[in-house]
Amino acid sequence: MARETIDIAPSLEYLSILDEDGEVDSDLEPDIDDDLLKDMYRCMLLSRRFDERMLSLHGEGRMGTFAPIKGQEASQVGAAAVLQEKDWLFPSFREMAAEIWRGKKLENILLVYTGYNEGGEIPPEKHILPVCIPVGSHLPYAAGMMYAAKFKKSEEVGMVFFGDGATSEGDFHEAMNFAAVFQVPLVFVCQNNQWAISVPRSRQSRSKTLAQKALAYGMPGIQVDGNDMLAVYSAAGEAVERARSGDGPTMIECVTYRMSVHTTADDPRKYRSEDEEEQWSEKDPLDRFRNYLQKKELLSDEKISSLEEEVEKQIQDAVDSWEKRQEEAAGPAAMFDHVFAQLPSYTKEQRDSFKEEGSSHE
Amino acid sequence: MARETIDIAPSLEYLSILDEDGEVDSDLEPDIDDDLLKDMYRCMLLSRRFDERMLSLHGEGRMGTFAPIKGQEASQVGAAAVLQEKDWLFPSFREMAAEIWRGKKLENILLVYTGYNEGGEIPPEKHILPVCIPVGSHLPYAAGMMYAAKFKKSEEVGMVFFGDGATSEGDFHEAMNFAAVFQVPLVFVCQNNQWAISVPRSRQSRSKTLAQKALAYGMPGIQVDGNDMLAVYSAAGEAVERARSGDGPTMIECVTYRMSVHTTADDPRKYRSEDEEEQWSEKDPLDRFRNYLQKKELLSDEKISSLEEEVEKQIQDAVDSWEKRQEEAAGPAAMFDHVFAQLPSYTKEQRDSFKEEGSSHE
Amino acid sequence: MSKRTMIEAINLALHQEMENDGDVIILGEDVGVDGGVFRVTDGLLDSYGEERVIDTPLAESVIVGAAVGMALYGLKPVAEMQFSGFSYMAFHQLESHAARMRGRSLGGFTVPMVVRMPYGGGVRALEHHSESREVYYAHTPGLKMVIPSTPRNARSLLVSAIRDPDPVVFFESKAVYRAFREEVPDDEESFPIGQSRKVREGGDVTMVTYGAMLQPALEAADQLEKEEGVKADVIDLLTISPLDDSLFTESARNTGHAVIIHEAPRSFGPAGEIMARLIEKSFWYLEAPLERVTGFDAPMPLYQREEMYIPDTDRIVAAVKKTLNA
Amino acid sequence: MSKRTMIEAINLALHQEMENDGDVIILGEDVGVDGGVFRVTDGLLDSYGEERVIDTPLAESVIVGAAVGMALYGLKPVAEMQFSGFSYMAFHQLESHAARMRGRSLGGFTVPMVVRMPYGGGVRALEHHSESREVYYAHTPGLKMVIPSTPRNARSLLVSAIRDPDPVVFFESKAVYRAFREEVPDDEESFPIGQSRKVREGGDVTMVTYGAMLQPALEAADQLEKEEGVKADVIDLLTISPLDDSLFTESARNTGHAVIIHEAPRSFGPAGEIMARLIEKSFWYLEAPLERVTGFDAPMPLYQREEMYIPDTDRIVAAVKKTLNA
Ligand SMILES: Cc1ncc(C[n+]2csc(CCOP(=O)(O)OP(=O)(O)O)c2C)c(N)n1
Ligand SMILES: Cc1ncc(C[n+]2csc(CCOP(=O)(O)OP(=O)(O)O)c2C)c(N)n1
Ligand SMILES: [Mg+2]
Ligand SMILES: [Mg+2]
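Chains as they are written, first to last, in the working numbering: chain A, 1 to 362; chain B, 1001 to 1362; chain C, 2001 to 2326; chain D, 3001 to 3326.
One or more of the hints may lead you astray.
To be verified - From the derived model, a few chain D residues whose C-beta atoms are all more than 12 Å from chain C:
1. Asp-3023
2. Asp-3042
3. Gly-3049
4. Asp-3187
5. Glu-3188
Claimed, not checked - Straight-line alpha carbon distances no greater than 30 Å define the calculated BS3-like cross-link-like pairs of lysine-lysine that follow:
6. B:Lys-1348 to D:Lys-3322
7. A:Lys-126 to A:Lys-86
8. A:Lys-355 to C:Lys-2322
9. B:Lys-1355 to D:Lys-3321
10. D:Lys-3322 to D:Lys-3281
11. B:Lys-1208 to A:Lys-153
12. B:Lys-1153 to B:Lys-1086
13. C:Lys-2321 to A:Lys-348
14. B:Lys-1313 to B:Lys-1283
15. B:Lys-1355 to C:Lys-2281
As the list claims (entries may be wrong) - Computed from the model, here is a short list of chain C residues facing chain B with C-beta under 7 Å:
16. Glu-2051
17. Gly-2069
18. Ser-2105
19. Asp-2166
Just so you know, these hints were derived from the structure itself, not from any lab. Here a beta-carbon is modelled for each residue, glycine too, at the ideal position from N, C-alpha and C.
Given the sequences, and given the hints that come with them, work out the whole structure.
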């Protein structure tokens, strides 16, 4: 009998490699191929500019509600960049940058947020799951899908993204526990962007970090500077490695910031100060990574502006085909297209009612 | 930038005071009033004997399914004993001993498990919540009720019991987080009895302890020998003290064992060995506590046998009034008695249909 | 007396009830500092403080479950689900505890709580933000289910819901939230739960509806009168459960024709119960099949097609003509 | 061919489907080592191993959610909820994902899964162990809802459910589980989902029911024939959603009288939809009000009173007489 402290390894670490002043910890600096570095930057830039374009389209009343990613490009691209093609991405609703990295079509993103189910189509080979809006509710199916992948000995790894707010949901708990018990090859990437709409991180949980929640499941957890592309990339790399080699899941907390509105329906002035936003804009992951690449002389000023033109063009092309596809869009009967593999007779009648009712509905 | 270990105090401890050989750690031995010690033993004994009686009534086909508590008397009585009258007990479905300590009527327990809703009645001043069967689902209302108690400045503390299996439920997670965020005066007592029906503790979670789950919420956690009345009492005392003084919730993991069947519908031979059961029977909390009291000369052999007679009589009286109340029980229309404060007209008609349909139903 | 939107009217009810009763307490996601994503709880935090207007962690089950606990202690919690499409995470707390505590304890513990949630389509929202699944709650014994249709009755019904000794699920139509203003008296006003109202006197056909569908039903009624000279009784249920079938069954006994309108999916939807009551109480007076105009047996599509999913005036008029010409 | 209880019949279906298809996988609480608390999955762990017969942690949401994920990957998971009364913790996984993934991805991702759960009363169980809430699932677009009534159709419907490309909620009656044996062929047999069957030819009145209520309905039919010379058509729905209304609406067109029997609470219960279909397809042939014999608008009482809650032969006979004498 006694009173003694319990040691509950695995331990918990914090990782930062490229800090906001552009200083690099050379001992920790990951060895990333130059082309990959450039691709990562290009994807960050494309995502940022696409985000801006969507906001202006929304401003013109041409698009519905969506969740901007500004500020979270490093957390998303840095993590997704370690995945292989066969691996799986499980987005929540604010992972446009990660989805774009995996090859999701910009025009489809536009279609979904302009109210066309058609945008939900995803090329099967991309291994991207649909957007999930009920917070945290995708973690259980991510765990189950990767259980299946392991069962099939596929050597595929999954990466699931969610926010700080999602860590309060029961589904987060149940999925983390399930993944740990069955040592599922899944990496849990929490983008702690400090806010869940108007609720600050401090109100979401009393825990010092979100990463420590992993310890409750005997799962390794790590907290990283989420605006530090190199730290995110390294931590994700280790986690994916661990998963692929059969050592189960890891939780990564990316400390980042939502630099824009929660969604286009939100007014941040209700709950946070411009000061706070300005302080975080100094930590902008895009600038930080650009400076890093410039220091490495991987990015000339010319290259930077040509890249800007490139992504602008890519976005404009997407907008053009988005407009085209809206004109060509099917009528309302399409709402019945994928309810079941085979539509029941009475639901067929419901669908056909549109045709009868004529033009106004077709 | 760097890679460094994060310290996530509050720390986690293990506590044992009275071990299975009857050895006492005198530095840690709590100073408990003799009468209280005897009352605690009496309640343990009563609960054990009542459990046995219910099993035999079930054997005679006179009672439905219930969940025996054998082996968990110390976890329950040791923890509940630190509560004041004004405090609140939130049982799950295997807390008969704790409920008896708080003054729940034996005959009502019998009535519930023989299918009479009438048994659900609880004297309001006892501050015992009804039994909760959906695993873990009582933790949210326990957290909310104690939020209200704090809001009303009542200085009441709540104690909620649940099992090892319950820690896997989303409700455990959401309630622990809520209680910690709002520093609710609630003590979470997890009776880790090693099994959730047929699922062993090791399969329930990969975490080394269940107590460490508290750290995910920035909540203090402690693991104690749950068959050690003194350790449970001390840990619970500290936790209640902390809660009452405004320092919020604590999670206590009582390491104990379900010595009997899961419920009367269960067959442990399907999933665990007699060996295992025998090993744990050596740790029987009742024997251990009796020896302790005998060593302290608080319990003579005479006293022991007179106590046996006393509780037998108390149980027989309960059985007698249980039989009486079954005879006097109201008809089926009673199923409508407490659906709403005021029954809607058509539900009244449903109730009255019984009367029309005559004797067979009244 | 001043003209208010439904949002302002609900806000008024919350302000006045919190003012009158210190036990009324609000909890939910973004209900405090943000004033709710629809601003329904705007200003309450400033007036009543953090302890009574609680920004919770993002966890529906404990929002509803904690509200149950507060109610058990004697408070009158008003919990908000940010959208009804996210209330399912808390469904077990409503079914297993809110609805049962009174019975389980033979009246020893009661649950005087309200769970408010915006429901329904029509605001070009994202997936899960436009559903109408009142049946889940209306079919659950022990719960009351209320769906107001205008600013004024939203206010007066919410007051009753907060004062009700039993748990009330309170659906608020996003489509109506800001659609129009109505005179809402500044002075306290309440309307009994479990009571429907006749909004329009006709005599030729009975329309039964509630919530957001009241407006298209009334438009259809006007159009029918103008274009066809058909006069419709329009019954606004207001409370879905316990269902007040007195007005609509009586009306149908007079008209012999009834059309039920709801936004919820068709099969196993609310119309079924309304038809059942009509059969039980008006069968001998029915001159033609009852008609229902409803949402479809498909998930609500994204917003480009939602107007085609939600019943509109054309579909209602067509259904009325069908039953009259049957 | 040999006589089996419903438990044995379901166990047979699981054995054969797992034998035939390596992608069929089982998960739930106590389904492995313990063989399920009702022994429905007995022996599967020994035959197919831990990876395919998974004892999960105690967490309904991730049991159903993980099954969704397995199905998305191409497996055919059969998840068990230990009792339907505990499935509500997973309700959002069914409503928000299982039912919607196909539509959300335009058919790119599908969810061929089954969620089995014991439902209903009659076995003297504890609170939450005796409910009949099929409406929650039947009213949810994108889900199929099946309730077999005998060992043989339980086996053949489960086979179809496992092979179905869409999510199926499969209710198993605890009252029927061990109540009687029926010849169940050893050789593979399946029965289409979405198809009802006529169990008894009568002609005077139509009885519509399913699941555990089929037995009292048949007893009532026999009694009515013996005592009153009244011959009843008895329709066993088998699938609740998508609802096959062809047989019962046709039958009612012949008999002019129909009685619907279910265990679920009355208001907003399954009978409403069945009555709606009867009105839509048989109205002109109805000679008297449709009758429904149902559970009550109260939670299922503890077991001393549950028999009074659940429809019995007396109540069914009375309802038939009422509609015939109306
Ligand atoms: C279950 C559920 N509850 C509420 C909402 C409404 N909602 C959408 S996003 C959001 C906040 C999410 O915060 P976080 O998880 O930190 O992600 P972030 O928005 O910051 O990326 C809320 C409450 C939802 N979508 N799902
Ligand atoms: C939500 C829910 N799921 C399943 C059950 C069925 N069930 C009753 S007790 C039990 C195991 C509980 O294990 P634990 O939490 O360790 O408590 P113990 O029974 O060991 O006291 C299960 C699965 C239930 N009652 N509630
Ligand atoms: Mg966030
Ligand atoms: Mg246990």
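CA of Lys-1348 (chain B) to CA of Lys-3322 (chain D), is that 30 Å or under? Measuring from Cα to Cα gives roughly 20 Å; hence the hint holds.
Lys-355 (chain A) and Lys-2322 (chain C) were given as a pair; does the straight-line alpha-carbon distance stay at or below 30 Å? 18 Å, holds
Closest CB of chain C to the CB of Asp-3023 (chain D) still more than 12 Å away: 27 Å, holds
Pairwise hint evaluation, Lys-3281 (chain D) against Lys-3322 (chain D), where the allowed Cα distance is 30 Å at most: Cα-Cα ~22 Å, so holds.
Just to be careful, I want the Cα atoms of Lys-1208 (chain B) and Lys-153 (chain A) compared with a cutoff of 30 Å; is the pair within it? Status holds; Cα separation ~28 Å.
Quick check on Gly-2069 (chain C) please, does its C-beta sit within 7 Å of some C-beta on chain B? Status holds, d = 3 Å.
Given the hinted pair Lys-126 (chain A) and Lys-86 (chain A), is their Cα-Cα distance within 30 Å? 8 Å, holds
Run the C-beta distances from Gly-3049 (chain D) to all of chain C and say if the shortest one exceeds 12 Å. 32 Å, holds
Would the hint linking Lys-1355 (chain B) and Lys-3321 (chain D) be met if the CA-CA limit is 30 Å? It holds: about 19 Å lies between the C-alpha atoms, which stays within 30 Å.
Quick check on Asp-2166 (chain C) please, does its C-beta sit within 7 Å of some C-beta on chain B? 5 Å, holds
CA of Lys-1355 (chain B) to CA of Lys-2281 (chain C), is that 30 Å or under? Status holds; Cα separation ~22 Å.
Exclusion check [Asp-3187 (chain D) not at the chain C interface, CB over 12 Å]: 35 Å, holds
The structure is consistent with each of the numbered hints, conforming to all of them.
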